[in-house]
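Visitor: What follows is each chain in one-letter form.
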Amino acid sequence: MRISKRQIQKLNTRRKIIETSYRVFAEKGFSVPSSLIAKEAGVAHGSVFVHFPTMNDLLVSVLSDFGQKMGASLHELSKSESVEAFLREHLRVLEKYETFYSRLISEKNILPKEAKSTYAAIQSAAAYHFSNVVEQEINKGTVKKAPVHMLFNTWLGLVHYYLMNRDFFSGPDESVIERYGPELLTTYLKLIKNEGV
Amino acid sequence: MKTCIACGMPMREISDFAGSDPSKDYCVHCSRPDGEMQSFKEKRESMTKFIVKTQGFDENAARKVAEDMMRKLPAWKSYFA
Chain A
1 MRISKRQIQK
11 LNTRRKIIET
21 SYRVFAEKGF
31 SVPSSLIAKE
41 AGVAHGSVFV
51 HFPTMNDLLV
61 SVLSDFGQKM
71 GASLHELSKS
81 ESVEAFLREH
91 LRVLEKYETF
101 YSRLISEKNI
111 LPKEAKSTYA
121 AIQSAAAYHF
131 SNVVEQEINK
141 GTVKKAPVHM
151 LFNTWLGLVH
161 YYLMNRDFFS
171 GPDESVIERY
181 GPELLTTYLK
191 LIKNEGV
Chain B
1001 MKTCIACGMP
1011 MREISDFAGS
1021 DPSKDYCVHC
1031 SRPDGEMQSF
1041 KEKRESMTKF
1051 IVKTQGFDEN
1061 AARKVAEDMM
1071 RKLPAWKSYF
1081 A
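Chains as they are written, first to last, in our numbering: chain A, 1 to 197; chain B, 1001 to 1081.
Simulated from the structure, these hints should not be mistaken for lab results.
For every residue, glycine included, the Cβ atom is placed at its ideal position computed from N, Cα and C.
Any given hint could turn out to be false.
Unchecked claim - Okay, the calculated beta carbon distance ranges per label pair:
# : chain 1 : residue 1 : chain 2 : residue 2 : range
1 : B       : M1001     : A       : A85       : 19 to 25 Å
2 : A       : P147      : B       : F1080     : 30 to 36 Å
3 : B       : D1058     : A       : R92       : 17 to 23 Å
4 : B       : K1053     : A       : H45       : 45 to 51 Å
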């Protein structure tokens, strides 16, 4: 099916609003007015409503977009056999969206219901892929036998602690993941791996 | 690329499809041993158990997450109408 020029334009505007929202949400939080998104995206205020009738629709669309990107990256790796490669990819995606993701985990409890459930779906997908790789390593004996949820929550807890306290761990424009990611990964692997395997 | 109508998983390889049959709309994890797609209740319970296992959530909270995920999937639309 041929897509008309007008449809392409419409898709581009939608994309522009979503991309701008990532930045505005990251900088100002998830409670910003739609007028600010429109201003920053350089589109008419009415244009935002055409694509996203409510701010909740926009918020859920941005979170779903993020979830798809993260899911796609992790899905690729969930069939590989190394927890290390998987976690490195997890960190890479988080670093790319670091300010947005940090804001997300900080404001998660005050998000509207649907956005909160989208957040849960994003983490569930990550947990699903993580469980695939970690179970393979447990079966091979390279990772200690521990409940999968504790292995996942320990990793996420560690990474989230650094992200939620970015102001303590790094300078204002510095990436926490870039600075501490390698240390977090090495330490975590040391904790969960069987020695000498 | 197809995604599973019952759980949303991307199906890239033949082995991702139910019974390794790419004409199917649901994935290997959403099919019963006889090849049919799992029922709403079966899927909700298996997703709930999986969330408890992989994230350690309280069972009722996990069931709520599972239902919210299913709400967005084509296979279960009629259950949330």
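Visitor: For this structure, which hints from the list above don't hold up?
Guide: 3
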